[in-house]
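Line order of the protein sequences matches chains A and B.
End of the first sequence = 463 in UniProt numbering, gap-free, step of one.
End of the second sequence = 463 in UniProt numbering, gap-free, step of one.
Incorrect hints may have been included.
Repeated chains share a single entry, so a pair holds when one copy, or any two copies, can fit it.
[What the hints assert, rightly or not] Below are the DSSO-like pairs computed for lysine-lysine, each with C-alpha atoms no more than 30 Å apart in a straight line:
| id | residue 1 | residue 2 |
| --- | --- | --- |
| 1 | 370 | 114 |
| 2 | 138 | 239 |
| 3 | 288 | 151 |
| 4 | 354 | 151 |
| 5 | 7 | 370 |
| 6 | 399 | 138 |
| 7 | 370 | 354 |
| 8 | 370 | 201 |
| 9 | 7 | 404 |
| 10 | 7 | 26 |
| 11 | 120 | 436 |
| 12 | 151 | 138 |
| 13 | 436 | 288 |
| 14 | 201 | 449 |
| 15 | 411 | 138 |
| 16 | 26 | 151 |
None of these hints come from the bench; they were simulated from the model.
2 protein chains.
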Amino acid sequence: MTQLNRKRIAIIGAGPCGLSQLLAFKQAEQDQLVELICFERQAEWGGLWQYTALTGTDSCGEPVHSSMYRYLWSNGPKEVLEYVDYTFEQHFGKPIASYPPRAVLYDYIVGRAKAGDIRKFIRFRTAVRHVDFDDETKQFSVTVEDLRTHKTTSNLTFDHVIVATGHYTIPNMPEFEGIDRFPGRVLHSHDYRGADEFVGKNLLIIGGSYSAEDIAVQCYKYGAGSITISYRLFPMGFKWPDSIREVPLVQRIEGRTIHFRDGTSVDNIDCIILCTGYRHNHSYMADKLRFRCSSNLYIPFDLYKGIFWVAEPRLAYLGMQNQLYTLNMFDIQAVLVRDVFLGCVTLPDDTRDKRHQNIRQLQVREETLKLDDHEGFSDLQTDYLRDLINCCDPTTVPKFDLDKSNAGMYKFFQDKRDSILTYRDQSFPSIFPPFKQAPVCTTAWIENKDDSIAGYLSSIETV
Amino acid sequence: MTQLNRKRIAIIGAGPCGLSQLLAFKQAEQDQLVELICFERQAEWGGLWQYTALTGTDSCGEPVHSSMYRYLWSNGPKEVLEYVDYTFEQHFGKPIASYPPRAVLYDYIVGRAKAGDIRKFIRFRTAVRHVDFDDETKQFSVTVEDLRTHKTTSNLTFDHVIVATGHYTIPNMPEFEGIDRFPGRVLHSHDYRGADEFVGKNLLIIGGSYSAEDIAVQCYKYGAGSITISYRLFPMGFKWPDSIREVPLVQRIEGRTIHFRDGTSVDNIDCIILCTGYRHNHSYMADKLRFRCSSNLYIPFDLYKGIFWVAEPRLAYLGMQNQLYTLNMFDIQAVLVRDVFLGCVTLPDDTRDKRHQNIRQLQVREETLKLDDHEGFSDLQTDYLRDLINCCDPTTVPKFDLDKSNAGMYKFFQDKRDSILTYRDQSFPSIFPPFKQAPVCTTAWIENKDDSIAGYLSSIETV
Numbered sequence: 001m002t003q004l005n006r007k008r009i010a011i012i013g014a015g016p017c018g019l020s021q022l023l024a025f026k027q028a029e030q031d032q033l034v035e036l037i038c039f040e041r042q043a044e045w046g047g048l049w050q051y052t053a054l055t056g057t058d059s060c061g062e063p064v065h066s067s068m069y070r071y072l073w074s075n076g077p078k079e080v081l082e083y084v085d086y087t088f089e090q091h092f093g094k095p096i097a098s099y100p101p102r103a104v105l106y107d108y109i110v111g112r113a114k115a116g117d118i119r120k121f122i123r124f125r126t127a128v129r130h131v132d133f134d135d136e137t138k139q140f141s142v143t144v145e146d147l148r149t150h151k152t153t154s155n156l157t158f159d160h161v162i163v164a165t166g167h168y169t170i171p172n173m174p175e176f177e178g179i180d181r182f183p184g185r186v187l188h189s190h191d192y193r194g195a196d197e198f199v200g201k202n203l204l205i206i207g208g209s210y211s212a213e214d215i216a217v218q219c220y221k222y223g224a225g226s227i228t229i230s231y232r233l234f235p236m237g238f239k240w241p242d243s244i245r246e247v248p249l250v251q252r253i254e255g256r257t258i259h260f261r262d263g264t265s266v267d268n269i270d271c272i273i274l275c276t277g278y279r280h281n282h283s284y285m286a287d288k289l290r291f292r293c294s295s296n297l298y299i300p301f302d303l304y305k306g307i308f309w310v311a312e313p314r315l316a317y318l319g320m321q322n323q324l325y326t327l328n329m330f331d332i333q334a335v336l337v338r339d340v341f342l343g344c345v346t347l348p349d350d351t352r353d354k355r356h357q358n359i360r361q362l363q364v365r366e367e368t369l370k371l372d373d374h375e376g377f378s379d380l381q382t383d384y385l386r387d388l389i390n391c392c393d394p395t396t397v398p399k400f401d402l403d404k405s406n407a408g409m410y411k412f413f414q415d416k417r418d419s420i421l422t423y424r425d426q427s428f429p430s431i432f433p434p435f436k437q438a439p440v441c442t443t444a445w446i447e448n449k450d451d452s453i454a455g456y457l458s459s460i461e462t463v
Numbered sequence: 001m002t003q004l005n006r007k008r009i010a011i012i013g014a015g016p017c018g019l020s021q022l023l024a025f026k027q028a029e030q031d032q033l034v035e036l037i038c039f040e041r042q043a044e045w046g047g048l049w050q051y052t053a054l055t056g057t058d059s060c061g062e063p064v065h066s067s068m069y070r071y072l073w074s075n076g077p078k079e080v081l082e083y084v085d086y087t088f089e090q091h092f093g094k095p096i097a098s099y100p101p102r103a104v105l106y107d108y109i110v111g112r113a114k115a116g117d118i119r120k121f122i123r124f125r126t127a128v129r130h131v132d133f134d135d136e137t138k139q140f141s142v143t144v145e146d147l148r149t150h151k152t153t154s155n156l157t158f159d160h161v162i163v164a165t166g167h168y169t170i171p172n173m174p175e176f177e178g179i180d181r182f183p184g185r186v187l188h189s190h191d192y193r194g195a196d197e198f199v200g201k202n203l204l205i206i207g208g209s210y211s212a213e214d215i216a217v218q219c220y221k222y223g224a225g226s227i228t229i230s231y232r233l234f235p236m237g238f239k240w241p242d243s244i245r246e247v248p249l250v251q252r253i254e255g256r257t258i259h260f261r262d263g264t265s266v267d268n269i270d271c272i273i274l275c276t277g278y279r280h281n282h283s284y285m286a287d288k289l290r291f292r293c294s295s296n297l298y299i300p301f302d303l304y305k306g307i308f309w310v311a312e313p314r315l316a317y318l319g320m321q322n323q324l325y326t327l328n329m330f331d332i333q334a335v336l337v338r339d340v341f342l343g344c345v346t347l348p349d350d351t352r353d354k355r356h357q358n359i360r361q362l363q364v365r366e367e368t369l370k371l372d373d374h375e376g377f378s379d380l381q382t383d384y385l386r387d388l389i390n391c392c393d394p395t396t397v398p399k400f401d402l403d404k405s406n407a408g409m410y411k412f413f414q415d416k417r418d419s420i421l422t423y424r425d426q427s428f429p430s431i432f433p434p435f436k437q438a439p440v441c442t443t444a445w446i447e448n449k450d451d452s453i454a455g456y457l458s459s460i461e462t463v
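The shape of chain A in the complex, shown without the other chains (with noise of 0.2 Å):
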């Protein structure tokens, strides 16, 4: 079917969130129902699973994206993620263990973005300076920046705009008194790239969450001296190793010294490592249109469905919330924004307020969970799925089964609450039919130091 009117889709980032978008679209491209443009800022596509050695500026004078390290491996089994329609045993030609390291991740996402012939709706290296929607012509109108040759182009016009731009990037940084001070080194996690530069280090690292926990253990693998976590609210308390302890907030700094709230210090620490989370930042929309959130959210505020604009439906934003679902849950996601933009379903709440009010009642279920309470955000998100599901036009929506992978999630915190340093090494069943449980790795993952795609694929036993 041709149609003159092809409605104009601009995507801003070449992400998971994007690459997801795009690929939903392609049908619909093929089609000639849409235009598709993805304006990418970086000079590759995968977003935040990047891995670079560089950090601050990067060679177009903008800021490094990724905040991704070396030795990093997944902190979540598989196949609580994987894409229904492009399994990693297609990918890699045979089965593969729960926990992958970084390179391998990535090279499942755009190995399935390459497999899609996605690559040619997306401008590398062109920023978004701009998005603002008119009103009257219901038309966003786009400023993008071609990095390199600093030419700015204004007013390309677009009937909906979909943000993939992701929310890992600018860091979240309290302040802590005489921490401006410290003699040693201070960092961001979204600057840290790797334990080498740690061994032998007393390690202050701030933060209660993932980054905390991952980092602090990776260095504990790579042989830090002594690792301090210090939370805001509670600890993880996990069993850690020796070297590794968790006490309260930090009050104060004083040289090398440092002070928690409970009064007891800790002294000679040779760096502080701030894994205090990230900001969203996205200062190039309008002020109506623009995304703002202070926390991570799994019910963020002005997102109808976790996705819509709930001002202006015509704008959607992917992944933006907090996030135990994630590359499966991006596909969900940019498959109703597909339906509903191509006008093949129509979402139920049609106005601004009942929109507000859908928002507010998941968010009533949200503040009663407890902070620590795993399981039950991992209900809430795969409800929050269930529900997109059943939003999306039945006939063409990724399905798998929600309850087991939401048992894969539970599964997964136990594991941790068992051991920390051996989760890694556990095996899951696939959610798919017919539910093969994956190989392990011959080499348990807190001695195993290759992460390199062909290590990890040659670590896999045989079955």
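Given the coordinates of chain A, assemble chain B onto it according to the supplied hints.
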């Protein structure tokens, strides 16, 4: 004299240039000729002279402005930058040596500002987000964000805008093959915070100018293992100590081995420090007002008299050139800006074309200079200052003996050629009558590891 139509003046930045500009306008403000507002993104004044251990992003989500590091001492004699109306001796109550450490310079700069009672004009933690100009009303329109409340205020109008934001914040990052996979630490000098992180390490420093020179010598002083400096155009050629050597530009990086363009290589590099300069970044200025400069020129394009935006001289930029002179040059620039904006003097070239021609003539002189002709550049900037002074109202312009200051520059270059490790131990005469010789420190710079104000002042020989 009271005037109903006070000119509204916006100054962007409260570093050395912005402070010079506030002081220059102070009398006119008291006479109610002008209204002054200075917008400063940081929490304090003093611009790049503020030290913080933090790198990356600050607590407001803004890029950390400072490129300042521990143990930085002035790399030029204080006599060639001293304020005419506020001497070091006046500030510290005694004569001081010619090369003070950072804290001393910071104290001196903000000391004058305190004495001048100009803090009341500064809106701290306020980022300028956009500046535009209406050709009909001849008014600038300024959008600012209060970084504490995240409240944005648009359409503040001004008769004049003066940009004093500096150009040592956004790193210039050339690409080198393999650097993104270097297994050690890679940082730009912007993120360098002190040599003690590099004790015993083998360093590669890329760059051929002041940052490369100073960081190399500081790392030598504090005990780096070896220092290889890789230059782009030509070596600095100082009489380096044995552990420092200069090599041609990096060609490619493989693991910890660095290959250079002359076919040589060096192994076992632990850390790469890019001393590759900075980029101008005035992205908050509307396109038609935006100063762009890809390299650090003594005679920049588009700035008439090095200051006034050629296309619209109601807009001024301070301190945007490559600098040999600093604090005293900013004062003269600021006085000329005041004289012109208040209508006390008229600049000779009254059309855009004539202004461009004037710049072009000066650029031709800059272009004839070889890049290592330090004396030639000093002559060029001395003549530039002479011309600025001649443009100002002669009754109020700060005057000093330019030949004496230029002679100081010459001596400084020769001292460095004589010995890069001892040039900071030399003493200079004041350029103000009675031309007193500065005292010296009792400890040689290479031995002196106390860079506090108290330590420095107590180390000065009593004459």
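Tested hints:
1. 370 with 114: Classified as neither: same-chain Cα gap 41 Å, cross-chain 50 Å, threshold 30 Å.
2. 138 with 239: neither (55 Å within a copy, 67 Å between copies)
3. 288 with 151: Both: 26 Å inside a chain and 13 Å across chains, each within 30 Å.
4. 354 with 151: Between. Shortest inter-copy distance 27 Å satisfies the 30 Å Cα cut-off; intra-copy 42 Å does not.
5. 7 with 370: Neither: 44 Å inside a copy, 57 Å across copies.
6. 399 with 138: For residue 399 and residue 138, neither the intra-copy (33 Å) nor the inter-copy (61 Å) Cα distance is at most 30 Å.
7. 370 with 354: Intra 27 Å, inter 70 Å, cutoff 30 Å: intra-copy only.
8. 370 with 201: neither (34 Å within a copy, 47 Å between copies)
9. 7 with 404: So residue 7 and residue 404 fail the 30 Å test inside a copy (37 Å) and across (70 Å) alike.
10. 7 with 26: Within one copy, since 13 Å is at most 30 Å while 57 Å is not.
11. 120 with 436: neither (36 Å within a copy, 70 Å between copies)
12. 151 with 138: both (26 Å within a copy, 27 Å between copies)
13. 436 with 288: The answer is neither: 48 Å in one copy and 62 Å across copies each exceed 30 Å.
14. 201 with 449: both (19 Å within a copy, 23 Å between copies)
15. 411 with 138: Cα proximity of residue 411 and residue 138: none, with 47 Å in one copy and 67 Å across.
16. 26 with 151: within (29 Å within a copy, 40 Å between copies)
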